Each structure stands twice: as structure tokens, then as C-alpha cells.
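Enquirer: So you can see what is in the structure, the chains are spelled out below.
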Amino acid sequence: MNLRLNLAPLGFRPADLDRGLLWPLGLLMALGLVMVASSSVAVAERYTGESFHFLYKQLVFMGIGLAAAGLLLSIPLAIWERSSFVLLAAALLVLAVVLFPGIGHEVNGARRWLNLGFVQLQASEPARLALFMYLSAYAVRRASELRSSWTGLAKPLLPLGAAVMLLLLEPDFGASAVLMAVSFMMLFMAGARLRDLAVVGVLALGAFGALMVAAPYRVERLLTFRDPWAHAFDGGFQLTQSLIAIGRGEWFGVGLGNSVQKLLYLPETHTDFIFAIFAEEFGLLGVVGLLVLLGLILRASMRIASASAEQGLLFGSYLAYAIGFWVVLQALLNIGVNMGVLPTKGLPLPFVSYGGSSMVMSCAAMGLMLRVALETARKEAGR
Amino acid sequence: MSLSKSQARNKPAEVPAGPAPAWRQHVLVGLLVLGFVALGLRAFELQVRDRDFLLAEGERRHVRTLLEPGGRGAVRDRHGAPLALSAPVESIWVVPSALLAEPAYIAPLANLLEMQRGELQAELEKRRGRQFYYLKRQLPPSEARRILDLDAPGVFSQREYRRYYPAGEVTAQLVGLCNIDGVGQEGLERGFDSLLAGSPGQRLVIQDRLGRVVDDLDEFRASRPGQDVDLSIDLRLQHYAYGELKAAVSAHNAKGGVILVADVQTGEILALATQPGFNPNNRNSLGENRAAWRNRAALDQFEPGSTVKPLMLAAALQNNIIDASEQIDTGNGWIKVGRLQVRDHRGYGQIGLTELLAKSSNVGAVKVGMLMGADRLFDAYRAFGFGYSTASGFPGEVAGQLTSPYEWGDVGTATASYGYGMSVTALQLAQAYMVLAADGVRRTLSLVKGGSQFEDERIISAEVAAQVREMLTAVVQPGGTGTRAAVPGYRVAGKTGTVRKAEGGGYAEDRHQSLFVGMLPADQPRLLSLVVIDEPRSGVYYGGLVAAPVFSRVASSAARLLQIAPVEGDHSIARVAVGDSHS
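Protein chains in written order, with this note's numbering: chain A, 494 to 876; chain B, 2 to 584.
Simulated from the structure, these hints should not be mistaken for laboratory data. On a predicted model such as this, the values are computed, not experimentally measured, just so you know. Each residue gets a CB set at the ideal place from its N, CA and C atoms; glycine is no exception. Among the hints, erroneous ones may be present.
[Unchecked claim] Ranges between beta-carbon positions, derived for each pair:
#: 1; chain 1: A; residue 1: N751; chain 2: B; residue 2: L149; range: 27 to 37 Å
#: 2; chain 1: B; residue 1: A105; chain 2: A; residue 2: V600; range: 22 to 32 Å
#: 3; chain 1: B; residue 1: G397; chain 2: A; residue 2: N751; range: 45 to 55 Å
#: 4; chain 1: B; residue 1: P141; chain 2: A; residue 2: L778; range: 14 to 24 Å
[Unchecked claim] Output of the computed footprint for chain B on chain A, the stretches with three or more beta carbons under 8 Å from beta carbons of chain B:
#: 5; region: 676-686
#: 6; region: 766-777
#: 7; region: 797-803
Next up, chain A with everything else stripped away, as it sits in the complex (with noise of 0.2 Å):
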């Protein structure tokens, strides 16, 4: 519904993309404008002087999304699937580079940011993409040896266990937690054993465990989200401002732009803690209208990829998949943290939180699965 425009010269047409994800996509992306508007109004006003500064910003970036979404819808699947090793090679590269100083941008203790000059990028946002696509190919490629032996699955896991491994050392537990489970699913859709797959989970859960002794602070917040009231005015004030903002929404919300909480008293509030405001100004029925928009968008990747899956583009299925295990999960898990049920931890809200690097490659994803769409109609078509 964003497209349209003449797309022919790019290869392909606005009628031909997927209408059941797009409309679903589009209300989410319309609904996280209106967000990033109401919830940064305080915030914006205090430190910039401009009211809709970061609306502006965010327009910016979702501008730019688009073009990239664009820009992959235009390109085979098979220059993707071919190129795996340098996607790979790019990925731990990126990672590995922020993590030096001078190179990687520092935001309150946690170095997650290239400073490209003109504008920020979170690494990790560029590599996931590229680390589904490695997979996807490898999971094509090694088909027979990931379905039928642990070696399949563990070779994979390799330069997987390498990015994960560069994210906590940035720290970014979200992210890696959600490039592991992410991964994890989309190899158990392409067929690796159940109990291989066991195995490696219990390997991989122990070793978060293992690492959350060692950093105290994690294990802290941890305790801190299961009881938040007992720390409400050190570590878990933001979660206590997070759920009075969910419970002052009650049934049918405040009102747009009647969010009190969004005055300068939620911390995070047009980018984390985006959630607890959108529940604060539309209340329980508002929730559920939001998860009812993440379902369809659940739903119509999974029809895509499966789709995709029978027509034999297996590659295009695996990380359509992907994209639509990793834009589902990292929205329940944001909503999680955000009503108390997850640990605290720094995830955006996919389409809806304020930030660039998340808009754009949650665009450019969405880009791709609908490349997908393209390529399967096109195969079921006999084009």
C-alpha cells in the first residue's frame, strides 16, 4: 500500500506483492508513526525544542527503509544464495569492528554503534539479516547432512556461536538471545533432528546461564523483573513506570496523546518502552488490536514460506521464515519485557519504535520476504 508507484523498471509490479502481509504491515508501521509522535512529544520538547523531532527523524528513516525494501525486492534471491560466505564474512566482520573503540559508538556502557559519519547504525541489525541469509544457503546446501547427522547442525553453529559471542561483548543480551532462538527455529524448519537440535539447546541455554553468573548485573536484573515493586526506585523503576503506564490504560486507553507516563517518567519511551505508552493512550483493546496485527503479519509469513517451501525455493522459504520467526519474537519479547514477564532488556518494538537502523532493516527484511512472495508466485505461474 506504500508502493503505489511505478515499480516496473525494478522488476517487478505493486500488484504482484503480497497484499496479506502488506496491509497488516502497513497499519503496524502507520500505528508506530502515530507512537513515535505521541510518546516523544516531552521528550522531543525538553532537549530539542521541536516537538515532532524524532517524527521527523523516524519519517526520515522509514523513507529510507522503504527505498532499501525496494532496492531487495529488485534483486534475485540467487545473488543472496550464491554470496552466503561474504554475507557471512561481512556479518562478524561488522560485529567484531564496533566492538573497537574509536570505531564503535558507546551509549550507556554498551559499544553497539558504527558511526557511519552522517548517521549511527546498530551492527547488529545489518548482520542479522546477513547471518539468516548464511544460514538459509547453508541449510540448502547441506540439506541431507543437517537433516540426518549433529555435525550438520553444528557446522552452522560455528560462525553463529561467533556472532552471538560478539554481541555479549558489546553487551547486547537481547540480541544474541534473539539470534540464537531466531536461528534455532529457522533450522528446525529446515528439517534438522529434534534431538540434535535438544542437545544444542541445553549446550546453548547453559552457556547463557554460565555467562549470566559471571556478569552480576544480569543476575540482578533478572530478580529485579520477577519483583519490581521491591526495587522501584533503583532497578526497577523504569519496569514499575512501564506497567502503572500498561495499567493506567485499562480497557480503552487514556487517549492519543493523554499518556501521562510519557511525561519524561518513563525512561526509553519512543524507543524500548514504546509498548507501555501505546497500552497507556489505547488501553487493553488497543493490546490486542496489536497482537492481532503481529499475528497476521505471523501468519502470512509463515503461508509465504511455506508456499515457497512447496514450490521448491527452498532458500527463499528458510529465511522468510527466518524473518518471520525474528519479527514475531522480538515483538513478544519487547512486549514481554515491557509488561514484566521478561527481564528488562533492550529490544525494540519491530516498525514501531523510534530508530533508524531498526526501521530500515526491519524495512528491508520485510523487502525481502516479499521478494519471496514475488519469486514463488512467479515459479507457480510457470514465469
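Keeping the supplied structure of chain A fixed, place chain B upon it in accordance with the hints.
Expert: Frame of chain A; chain B shown alone:
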């Protein structure tokens, strides 16, 4: 690695190609759907089930009600000069934990507060758990600014108002006092508190963790400043009257005193001062002098003594018990009523009513009183306002005492004739004389500019009032008791009183109350004044010697202020202080 490759090669048939079985997708989607459902239930829990708790937590944390004091109204004199006004001041308060978190600020802050660093530190530590603690109250805005300019975390300022009394002790017992929170405690500050007090504004605000106000909520009630109250007092006259009173009290080493000046045409009180005084602006020493807070004019009662004689004569004339030309035989200056022996200074023989008043003959008064009888005497005093408070609006004004005539008997009737056995306040006595001054109507005394809301009420006829006033002019003329009350250029009608104070069931020999109450010009009075000097201890105590001179000076000054035309060719100016009689 090599093992797995061989495995893969060994079992190629077991590996299905193509898409994974559908159940795999169902399992993963099922898990995600469980996640959706869990989040939906959690949202229901937060937004419906636990919402009351969360709403309350929210308000408790960051909604604060700011009370913004409505400025208290000013008390002003009749020309607008301020007698009590509120000036904005700042009270510095602190969130102790926020300041303790940044110790570098404590020393400079202590410096500005004129405290030791350790002292401030200890005070903050003691109140670490509190969100609000006054560091210093009621600072001038400039000093508060210097503290706020430190930008110390958790240090804020709250606007308050401090009460100032520009006229100080001159109006102290009249205007009264407020407590530190600006609530009227004494005097007219208390009497008019509901008018003066503003209604505080309420702002519901969002504060951040450090207590900074981040934003206003919709709920807002603007503060409303209190109303100004314009008194009938003329500050210039009040100053003068207070000064004269203070000088007299000091000269006679007296215990205290009252002076009142009223405008006869309107009933407005132009000056009302009492002694001893105190400085209402010096909060630190206020407590030491509590007795001085009392406004004696409204709260102290005394026996009126000889000052009731003109009132009684007016009533007797009004009731045609006597007529103006009546001659009373006072014999050789004493009379016995029952066990009571009443004396004059000397025997005046046959005297007219004018002379009775001029000499203040007790014997003559008793004779007229006995003619009237207890009931009519009681009714007369009652009509002049004894036993009722005057409705001047002064808080706590007492009503004096006038017992029932059935208990008087002959002795009671006789003593009541010359003003004993009852008690009145200075306000009541002035109010009674107002009837004589205002041509026979009761015109309610008022402390508020514009006069009382009560209508005039006729008590005696204008002729009788004029007759009695005419008689009273003799008091200040040679041969009268109050010659020193004469005011050059004006005909004064007035009456002295020298009252022995009651003491342990009898009367003290050496403790007196010296009174003078008078009005001018006698033909058509414009102003009325009353002077009470309590317990003069300089050797003289007669009203004509102690109170009358104060009246003279104050009334003369008041006459000039009111621009009352002097009488042409009046020669009373030259004849002063030749009176032969007292009391």
C-alpha cells in the same frame, strides 16, 4: 566431522528432500501463539485486574498536589495606607537523599544557609528517607535566588507570604497577628480572617524522581487572593493618639491605657490604640509579651463610675422624671442609703443638673437615681448598650456586666447611679456616649471604612441629647472637673471619671482608673473621644488630671484632621487649668 560425513553417506535414503513436514511449522507457530495468548492475559491482568493498584502506585509516585498560597489581603487604613500586608518570601526545601547523593553541593549550601557543613550533613542524614524537608523558611527572594543558583540537586523553593505590619506597635493590638502559616490569630487579623484569607490554589503536577515539577496535569484550581480590608482608622490620627497615650501612660507610670476617637457622623472609629504595646514584626520576641497582645478596648471591662451620670440624667429627662431646670439638693455633700454612705468632695447645696455634672456630684446622682428606681435605671443603661457587645466586629469583644435590677435593692440602685456595680468596656462606653453625640440615636461603632451595616436606632430625643451635651460643656469650663480637656477653638462636651478599682470584694484605696469621654463641637458633635488610663501611679489619678489632657491634645489634632470649623470668638482657649474640682 569425518564420522558425520560417512554417516550421511551411509544413510542417504533416510533423509527426505524438499520441504520439512508441516508439523514442524505447527509446533513453532503453536509456541508463538502461546506467547501471544500469554501476553494477552498479562495485559488483561495489568489493565483490568491490577489496574487499581497500578493507578494508585502511579499517583503515589509522581502526582503531587502543590498548594499555592493565595496572597492574604491587606489591612489598610481609611486612606489606603497599609497596616498589614503580605510580602512574597521563599522557603527553601530539599529532598534529602537527592542532595546527599551529590556531597559537593553541601558545603556551599551550608555556607549560604549560615550553617556548619557537618551540621547540615547531619540534618540531611537524619531525614534521608523523607521527600520534603524545609531547610529555611521565609527568606527574602534575593537570598533564595542565591541558594537556587547553586543548582544543587533536590533543592527547591516554595513561594510563601510573610505578614508585615508597617505601623508596628501603633496598630498592634487592633490589627492583631497571624501565625507563621498566615492564619489570623489575634485582633482584626482573626476577626476578618475569612475575608482576608485567600483560597489556596491547587495544582496537580507530575514530578520526576528528584521532585522537579515536570508537567502540570489538567486538574488546576487557581489561587484566589484574599480581599483587602479597609479600616475606618486614620493612620495619622492613630499615630498621634498612640503617641499621646504612650506618653501619658509613661508620665503617670500607669499600667496601661486605651484611647478611642470616633467620627460621630458615621460611627467610624478613627483611632483605637492601647497600651502597653508590642512590636508585631518581631516574631522572635512575640511570646515574651503575650499580655500586651490584648486589645484592652474590647476585652477589658471596668466600672464606668461618674461617666454614667450624663447617661442617667438623659434617661431621667427622657422619661420626664426630672426636667432640665430641676434643682437637686445635695445638702452638705453626703447621703446615706441603707448601709451605704455616699459622699461628694464638699457640700454643693442646691444645684442644677449642669452643676451636678460639672462637679460630678455623687449625692446628686444618687438622688436622681433613686427617683428613677432600679427598673428604669436598668432599662436606661440597657438602652445605652451596657450588657451587650457593640458589634464593632472585634473578635472576642466582651459584653460587660449589668446585673438584673431585682437584685439591686436601694443600695444597688444608688451605686448604679454613679457607675458602680456594673462593668463596661471602653468600646461600650464610647458607644453609649455616641447616643448623646448623635442627637439621641444609637449609631453603631464600626472599625470598617464606611461605617456599620446596622441602622441608627433612636434611644432618646434629639432635644434631650442636646440638653445633656449643653450641660456637659460645663465640665470643661472653669469650675468643672475636666477643664484640662478643653480644646482651643471648640466647645467641648465631656465627662470625667475616676474609678476606684474593685479589689477582693471591696475597693482599692490606691488603684484607680482615670477616664475622660467627650465630644466636639458640643452643638453638633463631629467627633467623640474616650481616654482610659489604667492605674496611674504618679500621685495624681483624677480623670480630669490624667485622662483629660490626653483628650484635649488628641481631640484638637483630630478636629484639625477632620477640618472641623472652630467657633468664632471662643475664648475658652485662654482659660485652662483653673478648675477647682476633680473626679
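Enquirer: Are the hints correct? Go through all of them and say.
Expert: Results for each hint:
1. N751/A to L149/B: 27 to 37 Å: Roughly 32 Å apart at Cβ, these two residues keep to the hinted range, so it holds.
2. A105/B to V600/A: 22 to 32 Å: holds, 26 Å
3. G397/B to N751/A: 45 to 55 Å: Holds: the Cβ-Cβ distance is about 52 Å, inside 45 to 55 Å.
4. P141/B to L778/A: 14 to 24 Å: Once the Cβ atoms are compared, 55 Å apart, the range 14 to 24 Å for L778/A and P141/B is violated.
5. 676-686: holds (count 5)
6. 766-777: holds (count 3)
7. 797-803: Since three or more residues must qualify, the claim that chain B covers the region 797-803 of chain A holds, with 4 doing so at under 8 Å.
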